[in-house]
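**Q** From the two separate chains plus the hints, produce the assembled complex.
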Amino acid sequence: MAINYDWPSQSETKILGKRFNRLDGPWKVRGTAEYAYDRNLDGMLVARLVTCPHAHAKITAIDIEPAKRVKGFRAAEIINPVGTELQWTHQEVLAIAADTEEAARDCANAVRVSYEVLPHWMGDEDVKKAGEHNRVQPAEDKEDGDVVKGFEEAEVTHEGYYGLAMITHCCLEPHGQVVDWKDNGEIWVYASTQAVSRISADLAKSLTEDDRFKDVKANQIRCITPVMGGGFGSKFNIDTWGVACAKLSKVTGKPVKLMLDRREELAVAGSRPSDFGHIKVGAKKDGTLTAFEAETWSTGGVAGRGAPPLPYIFQDIPNRKTRHLNVSTNTGPARAWRAPNHPQAAALTMTALTDLAAKLDMDPFDLFKKNLGFTPRAEVYSAEMDKAAELFGWKQKFHKPGDGKGHIKRGVGMSIHTWAGRPHDSTCRVSIEPDGSVTAALASQDLGVGCRTAIAAVLAETVGLPLDVVKVEIGDSVLPPSSASGGSTTIGGVSASTRRAATHALRKLAEVVAPDLGVAADDIAVGDGKVFAASDPSKSLSWKDACRKLGTKTIAEMGAQPARDQGKLNDSGVGGVQMAEVSVDTETGIVKVEKMVAVQDVGYVVALEQAESQVYGALIQGIAWALFEERVYDQMTGAYLNADMEFYKLSGIGDIGELVVHMVQGPYDDRGVIGLGEPPAISPGAALSNAVQNALGVRVPTMPMTADRVLAAIEKGGLS
Amino acid sequence: MSLKKTPQDQDTAASKSGFSRRLFMQGVGAGAGAAGVLTSTAEAATGDTQPVGPDPVKISLRINGQAKQVEVEPRVTLLDACRNSLNLTGAKKVCDRGTCGACTMIVDGEPVYSCSMLAIEAEGRDIQTVEGISSSDEKMHAVQHAFVNNDAQQCGFCTPGLVMAAKALLDHNPRPTRAEVEKGLSGNICRCGTYVGVRQAVLDAASRGGRRGD
Chain V
1 MAINYDWPSQ
11 SETKILGKRF
21 NRLDGPWKVR
31 GTAEYAYDRN
41 LDGMLVARLV
51 TCPHAHAKIT
61 AIDIEPAKRV
71 KGFRAAEIIN
81 PVGTELQWTH
91 QEVLAIAADT
101 EEAARDCANA
111 VRVSYEVLPH
121 WMGDEDVKKA
131 GEHNRVQPAE
141 DKEDGDVVKG
151 FEEAEVTHEG
161 YYGLAMITHC
171 CLEPHGQVVD
181 WKDNGEIWVY
191 ASTQAVSRIS
201 ADLAKSLTED
211 DRFKDVKANQ
221 IRCITPVMGG
231 GFGSKFNIDT
241 WGVACAKLSK
251 VTGKPVKLML
261 DRREELAVAG
271 SRPSDFGHIK
281 VGAKKDGTLT
291 AFEAETWSTG
301 GVAGRGAPPL
311 PYIFQDIPNR
321 KTRHLNVSTN
331 TGPARAWRAP
341 NHPQAAALTM
351 TALTDLAAKL
361 DMDPFDLFKK
371 NLGFTPRAEV
381 YSAEMDKAAE
391 LFGWKQKFHK
401 PGDGKGHIKR
411 GVGMSIHTWA
421 GRPHDSTCRV
431 SIEPDGSVTA
441 ALASQDLGVG
451 CRTAIAAVLA
461 ETVGLPLDVV
471 KVEIGDSVLP
481 PSSASGGSTT
491 IGGVSASTRR
501 AATHALRKLA
511 EVVAPDLGVA
521 ADDIAVGDGK
531 VFAASDPSKS
541 LSWKDACRKL
551 GTKTIAEMGA
561 QPARDQGKLN
571 DSGVGGVQMA
581 EVSVDTETGI
591 VKVEKMVAVQ
601 DVGYVVALEQ
611 AESQVYGALI
621 QGIAWALFEE
631 RVYDQMTGAY
641 LNADMEFYKL
651 SGIGDIGELV
661 VHMVQGPYDD
671 RGVIGLGEPP
681 AISPGAALSN
691 AVQNALGVRV
701 PTMPMTADRV
711 LAAIEKGGLS
Chain R
1001 MSLKKTPQDQ
1011 DTAASKSGFS
1021 RRLFMQGVGA
1031 GAGAAGVLTS
1041 TAEAATGDTQ
1051 PVGPDPVKIS
1061 LRINGQAKQV
1071 EVEPRVTLLD
1081 ACRNSLNLTG
1091 AKKVCDRGTC
1101 GACTMIVDGE
1111 PVYSCSMLAI
1121 EAEGRDIQTV
1131 EGISSSDEKM
1141 HAVQHAFVNN
1151 DAQQCGFCTP
1161 GLVMAAKALL
1171 DHNPRPTRAE
1181 VEKGLSGNIC
1191 RCGTYVGVRQ
1201 AVLDAASRGG
1211 RRGD
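If you're matching them up, the sequences are chains V and R in order.
Under our numbering, the first sequence has 330 at position 330, and the numbering climbs by one with no breaks.
Under our numbering, the second sequence has 1163 at position 163, and the numbering climbs by one with no breaks.
Bound conformation, chain R alone (with noise of 0.2 Å):
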């Protein structure tokens, strides 16, 4: 190399004030800094909030029906909570910033991705993973039977958020249009290229379209 050296020391970490823009940015990456606010629906009605943190805080969860004590601090994600305190590992982390919808759940009917909502937003809802939508192999959702009938899967790590994104498509728009099911799922990024079967899936699903292949 030609070019002259430039000696320069620098911390990775905090800088002398304590502050800095990593710290920071990892804060509000994870949805929050150290401190939280818990809000249940009723709260939030009356303006009534409560701060709590940083230590871990107890919640009670209402995941696939069933209500589930967790103890985690304000700053953990929904998709944290499920996957590392309740061993519900169907929703992936992917991304960690709400961009490739691999976390999808369902709360409040509502597609979500679980890595941006904090456990304790979550408390009071009705949530609703991918391993509440089935109960065996031969007992599938229409919409998960329909993906393996149209091979929408290959490695299957953006499967289960794909088939969580499709199930609460289906259960707003029974029967979307091709352009429907793209819109919908849109927000949802598959690496190895599985769209042609998830396309057809969705639409078989909604009995609007034969298997793949056929």
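If we strip away everything but chain V, and leave its shape as in the complex, we get (with noise of 0.2 Å):
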């Protein structure tokens, strides 16, 4: 066959861009999924951490000893020595290992660990106060164009203040793992990862950092995670806890694992920054943006993280001004959250343009069309605008803010994002077998996003063979290396690197099996399990006879992304648009989703289900964030209060209304791949902010809209 990477025209494919099921869906319906939490090595112990009760304070003293007293410990290793200042709520201190799970958690609690209490900060919301503290630090500055003149051109001028909470990950797999250390120094690590080709380097790296473990290489360690429960951006490293499990293995000649407790993984495992701030928009009375201006605040742990991308998506309003500062919380550190910063900079944009839409007495899918200019896609933009608008009703159920009757108002809002999405460096090998048998291998992971069941599709079109039967191991180190899923990084990059990989082995087979039909290698395709020749189809082989020519010999080739004049396969940059309705109740303050429905573009979809389902699941994550989900500290003690799943509060069935996910399929599709984890989690929060400002008239500033903070709106907004 002559070698041709493109994508196939899904008006011709059998499987990409179609529905099929997910191949690991019934491991996790019948419980046979391994999880790093399940596994149960012989003779394995169990560890637990000992964490900082104080938001901060210093380590003075650290008692072991009564802990060496109860029945089953074995080892203790210590994270952080005396003398350490720590920073945040259940911090690390030390892991301790013992015989039984009761067991260490009797010698986690026999540990004496004496701390110097410093003063900590853990309020964000209250920027000057933080201020008079000492916790407030300019993080970056933008002008562009001329602000004061932009607001002088302005007819119309809104103001307002925009805000959402600091939230966390909550992962239900916890963070953690199982370290096996053999006796011939193999370090077999079963982690919950994202990471599964950085794990070897990580640990590595961190272990030689103890003189007791210097000679330590990479090469000695194997990351094993075929499936893990959960990461959305928190679980990329190895982690302290990671490194004293191992260490613990090692001490004890046993295998050891070590999962964070429920309230460990919501203090310390990573958190979404929050974002507040005062922002000002100016536009002509025909809705013509004509200055945007901004002050936000925010805090994603002692250090502080980046400014949100303001104005988002209206990148373009011809004058600029924003000013972002960051607050220093005794509060765990922010990791990566799906799409991060983009959630808050719409939750500050949109909403603000829905206000002054409201001013203008205009409908705000009128404002946004009119200054789609001021955005890098207009056109994909407003094609999806008027999609969803269909979907949804848009024009029929729209109506002037807090215009409706009775007690329970509705109300509708929409939002508009964007992500990258470009690959990441994948490398994968697909082999052939004589008796026909296809496996494609490649160290990914698959966070439950469908990964290894979009491999499988683009693997089984590729070679024309039905879904079922061909084979993907991933989830092992020892595969050939591809990179951590994070930033919707992964679709583009092992889908590029399995097509290349498989395009490679076909053409090794095509080379066998040409002369056999009587045709040039070039010649050669394949389809429907039958290798032919592409000029004479009456001259072909079924996939299993034409195999049978390997004799003895299996083909195994790579393909790779980044790969130069191999087609083009993925590229970067979506649109995505989305619309929520929502019922509130002025009486009790509670907000109910009606109704979402989300236009996504992701260039060539790969496997449509999948797809599908990772947008529904931003949408009900969306749904969590806007309305229930905040992480509560108190500043008198430093305590986290809901470090729990009883009152850090996710979405229920219940809470989640009518749900409508459109793919865009066709337009784009000659674009390639492009990632999608990201780009769906963005708008949510923005959409049904939106939405209960048009049900109220008055703007719930700040968000999870919780019952307490919907009534003090309608108070201060004079509405009852």
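Hints are computed from structural coordinates only; laboratory data are not their basis.
Positions of the beta carbon are idealized from the N, C-alpha and C atoms, including for glycine.
Hints are supplied without guarantee of correctness; some may be wrong.
As the list claims (entries may be wrong) - Facing chain V, from chain R, some residues (calculated, C-beta under 8 Å):
hint : residue
1    : Asp-1096
2    : Thr-1099
3    : Thr-1159
4    : Thr-1194
**A** Dropping the structure here:
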């Protein structure tokens, strides 16, 4: 066959862009999928952390002796030694291993740690107060054009306050791993991770910083993660507890399991920064935007975090001035959370524009449309807005803000978003056996997004076989390396490396089979389980008979992303539109989601049903952070008050209303594959906040829009 | 920082009295203190109870139709006994305090948070775990088939609990409405956001609705 890497047109594909079940579905519904937490190795010990109860404290003494007297004690590893200044609640002090989970808990409880308690600061919303406590640092100042002139040109100006609270990842499988440091020096790490190919180097580097383990090499370490229970951006590294777990395994000569408990998971394993700010926007009477000004602040823990990209999407508004401040709080540090900085930027921009529309007496849909010229992809957004409006019934449902009768008021809101989703680096090995079996092998990982299934889809389509006969091996660092899964980079990377490897493997098969069919290798094609001559399809062999020609030889060919001159298989930069309808009970302050519509482009769709699932999931997560979810800290004590799943509230199945997802297929297929994890996770909060504004006629300024915040906004707005 | 440091020596664990709130709360959180009460159905009927613990006790659990002998401390939950002693790891430990439903098992026909039931409490009862409702990927329970067909799982960590809650719901109410499905599964939390598929899967398993995406 002539080598052609390009994606087949989806009008001709059997699998790509179509609906099919995910390959690991049966393992997950049957409970046979083996997560890190599920590993029970022979002689395995269980380890637990001892963590700091204070938000800010220096360790003055650590006494492990009482733990050594607990039955079942095996070993302890100090993570942060005496003298260390700890900066957030439940920061790690040490890890302790024992024979059983119960004994490990008893041991952890028996350890006595003394602290010099230091002053803490928890508050992020009241920037003035934070400033009085020296907790505010300027982070970024930007100015383009002339803002004073821009607001002079404006005929209508709106100024408002908006924000959203810090949230956490709350992965259902907590961070952690089982480490089995074997007698022969091999270190097997069963980790709940987003970065199978990175763990070996990461752990080796951390171990060598300790003199006892200074000779450890990365090639001793193998990471095994066939499935993992959620990451959302928080599971890229081995972390202190992973290093301690490995040391405990070496010291005790046993495999050791250390998984964070729920409180630790919520406290130390990642957060999404808050954002608050005063936003000012100006426009001509016809809605043309003339100026944007923002002063924002946020916390990502003790250290800073980047400024949100403002104004969001409408980035070319002629006159812009933005200022961002970092608030330092003694809270568990930020980690990437689906679409870092974008949900916040949308929640600060789309809300202010919607309030401006109200002042202009315009439908925000029309205001957004009018100003699409200030966005990087006007045509994409315009088409997607029309599609979303059609699926949602926007023009029928939109009314003037607060225009409903009765105490339960309905409202609608919208938001638009973007994300790059460029492909990451990936290598893949595709093998074809003489018995016809086909395998793609790469050290990628499936966070639950359907990565394994998507790789199988690419492989099966390329070799012309049904989805259920090809095999995919991922989640093992001995396989060809593939990058970490973050920033919606995976699908573009693994689909390209798999496509190229499969194409190379097929070419080898064609070279073997061509003489038998009496044609040139360039003339060989595959499809429907057959290998045939493209010029004369009557010259054909079944896939199995063709592979039998290999004799005893197995074909194994590599493919990579990036790769020069091997087809345009991926791209970056997508658009998306979301609309939300809510009903708000003005007596109780409870917001209920009635309907949400998401229209999303991702270039060439690989696995339609799994893509839709990711968008559904983003909407449902968005409902949680728009309505329920926030980390609550007590300024007086520094305590993290809701580090559990009872009061750290996520969406339940009854909270989601009717959700409609439309994946754009066709118009952008020739761009190739683009990542999907982040983009749909950006707009839900802004769309829901705007829907509440439309229902009430007043803005609930900060998310989550809990009943108390809704009632406070109603009271302030004079609505009864 | 401009604030003055205020040195203060504090212990994390037991205070001088030997009692700490943390220890107390952990005991309660796990379902019991050091000692427990072994109560079979017959003993409960006569009011005869026998204190056991804190050392491990031998108990017999009837799980998925089979008697399993296990030696556990009385404070050990049914969930931990299954996961740690019997290698039945389908039920997941997530919140560990009866909120999220990832540990759902069916005990005497009722869905139960196995993180909130002691193993010794479960003696003499009929315990069904996710491992017990199918024998192979090809021979799955109707609920499991429907979950797979409706893409009702992402990371999958909540999935076994949702499958068991859905099975218990359908055992009691074979033809639930959408509202009844939402109520029946309201005790199970999913982080990835699979509820659209889950809702459709349960209706599908009850032959009330077509496959998602149709």
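**Q** Indicate, hint by hint, whether the structure satisfies it.
**A** Each hint tested on the structure:
1. With a least beta-carbon distance of about 6 Å to chain V, the hint placing Asp-1096 (chain R) at the interface is held under the 8 Å criterion.
2. Taking 8 Å as the C-beta contact cut-off toward chain V, the hint placing Thr-1099 (chain R) at the interface holds, the least distance being around 4 Å.
3. Restraint check, Thr-1159 (chain R) versus chain V: the minimum CB separation of about 5 Å is within 8 Å; hint holds.
4. For Thr-1194 (chain R), the suggested interface contact is upheld, since its CB lies about 7 Å from the closest CB of chain V, less than 8 Å.
Of the numbered hints listed earlier, not one is contradicted by the structure.
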